[in-house]
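K.L.:
Based on the provided sequences and hints, a complete structural model is requested.
Line by line, the protein sequences give chains A and B.
The first sequence: position 77 = 676 (the numbering used here), numbered continuously.
The second sequence: position 125 = 724 (the numbering used here), numbered continuously.
Hints in this document: simulated from the structure, not taken from any laboratory.
Be aware that one or more of the hints could be misleading.
No copy labels: a pair is met if it fits in one copy or bridges any two.
Unchecked claim - Straight-line alpha carbon distances no greater than 25 Å define the calculated PhoX-like cross-link-like pairs of lysine-lysine that follow:
#, residue 1, residue 2
1, K879, K638
2, K638, K880
3, K809, K936
4, K880, K972
5, K809, K723
Keep in mind that this is a model prediction, so the values were computed, not measured.
Number of protein chains: 2
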Amino acid sequence: MTDFTRMERNELHSNRNQLLKRYDRFRSRRLNLDMARGKPCSEQLDLSLGLLDCVNTENYTSDDGTDYRNYGGLDGIAEAKRLVADYLEVQPDELIVGGNSSLSLMHDTVVRAILHGVVDSQVKWGKLPKIKFLCPAPGYDRHFSMCEYLNIDMIPVELDESGPDMDAVEKLVASDETIRGMWCVPKYSNPTGTTYSDEVVERLARMKTKASDFRIFWDNAYAVHHLTETPDRLKNILTSCKEAGNSERVFIFGSTSKITLPGAGIAMMAASRKNIEFTKKQLSIQTIGPDKINQLRHVRFFRNLSDIESHMKKHAAIIRPKFEAVQRILEKELGGKNIARWSRPNGGYFISLDTMAGCAKKVVEMASAAGVKLTPAGATYPFGNDPLDRNIRIAPTFPPLNQVETATELLAVCVQLASIDKLVAKSESSM
Amino acid sequence: MTDFTRMERNELHSNRNQLLKRYDRFRSRRLNLDMARGKPCSEQLDLSLGLLDCVNTENYTSDDGTDYRNYGGLDGIAEAKRLVADYLEVQPDELIVGGNSSLSLMHDTVVRAILHGVVDSQVKWGKLPKIKFLCPAPGYDRHFSMCEYLNIDMIPVELDESGPDMDAVEKLVASDETIRGMWCVPKYSNPTGTTYSDEVVERLARMKTKASDFRIFWDNAYAVHHLTETPDRLKNILTSCKEAGNSERVFIFGSTSKITLPGAGIAMMAASRKNIEFTKKQLSIQTIGPDKINQLRHVRFFRNLSDIESHMKKHAAIIRPKFEAVQRILEKELGGKNIARWSRPNGGYFISLDTMAGCAKKVVEMASAAGVKLTPAGATYPFGNDPLDRNIRIAPTFPPLNQVETATELLAVCVQLASIDKLVAKSESSM
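P.N.:
Here it is as structure tokens:
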């Protein structure tokens, strides 16, 4: 009998005492571990060291002789556009290769819509009395803080195993004209690892929206970030939108931040030609162009998409054991106890753990008190507010394997302790 | 007797015939020259080739061991902040080192003020019925197109030899609350080469403004871009603003685009601590941070400000002969004729030529018809509209010396022809 929810009080107490002893032993070790941030570890960064010297004092020109050291090239160098077109599965004139940050591309795209509308807007978004974005949750905290900063109301939508709850999404966008946008991390979603099913992609492309200038912000951050030999496949949303007669509906974003070097990678956006032409005119006010030399480094380092894919296998070999360790320890510590469930992603950077309702904050606090830093509970929801207080994001890539093991074990102990407290309180209140 | 304005008609006609023959000879050469753009030439770019390999697979960490390949560092790496502090004459906590584009830093700063106001705003600029910027003119066309794009009204202010007409500026800002900003290129100004006098800087810092959140956008693009052995000196405006009790008044911008590589340089902004803290909070919504590796390249390539200064002497040695050629030819062709005047800058990237009123467009057209591309007439004024149609921007850095000579000679021939036409038309209409 391991199901905590069916245990008698004395069983719970005895488990609690055992767990408290383990917790105290962790505390006495004065740990200082960090599983909060989706950062590559240094072995992963080493994979891209070749990027640093593949453009040198002799080879800074394009195939056609253009000197990439000088001004020009608003939307990226031709070679990078070809590579990114393959990567994002679009045409080279349906994209912009930018600077080092896809977050900036997203932010600036929303800001432009506020100041000027999108290509088919009748009114600038900023002139509307209110704008709302749909926010599948749990999701990426930086999408949510961007909305908060830009005064965009957020409507959380549940994210299930095949993507956002499409019945809810369709109903909302069909009836509420103030809904102008929707955030999506469609593949190996942060934090759940969910990849949207073909049906979800098609329904997103096809659905009727009350706002004629509704936009999906498709943050395909983990397109090639597979962990297993059975990678997820994501349907091409731009193609689906075109087929549905909604060509302008989607802005696609990506970057090499977790392929090459975070901060020194290249970011990209794709959309219909009409969207891209509109964006380029506005972009020309903001910049003369991106760092072409760094784009050149990337196309020298990766000759083609197949090079990127091989490279990602090396990433997976480094981080897969860490993901496996988390799975093994969670299963061993929490399996069958009916107090938590967690994701088993085929890719991406996170494992998402759901505790019993009302336990996540306490778990993160207890882990922190014992020297293990986790992403703040609630961070994966709009306004940092997880209505059920149950979601915890585990980021196993950065720490060494033995630290991932220690931190996960401690986390599992904390989950059990918080669950027992919750169960005891429940049984007391029902007496 | 060379003063065209005092010539008899028959003298003008005979000069015209001579000049037309010369013009036709230029045309028959089927030239294809470009003096339109303020771009470094490839010999200048060669000076910075060392930048491409000074960070390699062995040395990507900071002095204190931080791995600059990973995420983090919103406002730049510590080493770059120290170098930029010296360069901009501010403290390291009074600045942000950004990506590759100071234009983006300026654009984004104005956009943030529109969406959120500046640190001491009572109302977001975008909520005001109207905003205006003062635009010393002739000036930088990209400042003006940014205002146009962001729906900011532009008030041109005359730029004289010591900077903007401060009597006009003071009167305007004291009486008009809708004036929230002012563009300045305070050193070796684009296109006139003007450096603001100490008095102008002090008056800008001290002046009473009706808007309490008025901002100067101080685009110090050519801080170290000297051409001669007698460089101009610019008073430190942040210090002056602090002394005047207007610490928050100024945003300072700069970049290494014309020091190292355009597009692959680093951009920077400086302001009071209060302004910078406010900006950093907003910046954290837009980006996780700039390309730290490229900042590291710059601090490896330039250990200190003195390295930058020596480097700029090499730039000057390459482009000074081109500036001298323009001066020599303009003097020889136009000197004493009373039909044009032009700047003799101690630095920067341009020579500004004023023709007789109503001639600039025609001159640029004639030069273009003979195969020499110049910056469009009017581009140096808000909305591309030079009210007197007389200013022409000459950009001598990019073409080889012999092309600069040919293009300038043709330009001077066109100026003379357009002037004679104007003088003849005038004398006819007064008959």
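K.L.:
When no copy is specified for K638 and K880, does a C-alpha distance of 25 Å or less occur within a copy, between copies, both, or neither?
P.N.:
between (34 Å within a copy, 21 Å between copies)
K.L.:
Using 25 Å as the alpha-carbon threshold, which applies to K809 and K936: within, between, both, or neither?
P.N.:
Classified as neither: same-chain Cα gap 45 Å, cross-chain 68 Å, threshold 25 Å.
K.L.:
Taking 25 Å as the upper bound on the Cα-Cα distance, should K809 and K723 be classified as within, between, both, or neither?
P.N.:
Within. Shortest intra-copy distance 16 Å satisfies the 25 Å Cα cut-off; inter-copy 30 Å does not.
K.L.:
Can you give me the call for K879 and K638, within, between, both or neither, at a CA distance of at most 25 Å?
P.N.:
between (31 Å within a copy, 22 Å between copies)
K.L.:
Indicate which option fits the pair K880, K972 if close means a Cα-Cα distance not exceeding 25 Å: within, between, both or neither.
P.N.:
Intra 44 Å, inter 23 Å, cutoff 25 Å: inter-copy only.
Checked against the numbered hints given earlier, the structure breaks only hint 3 and satisfies all the rest.
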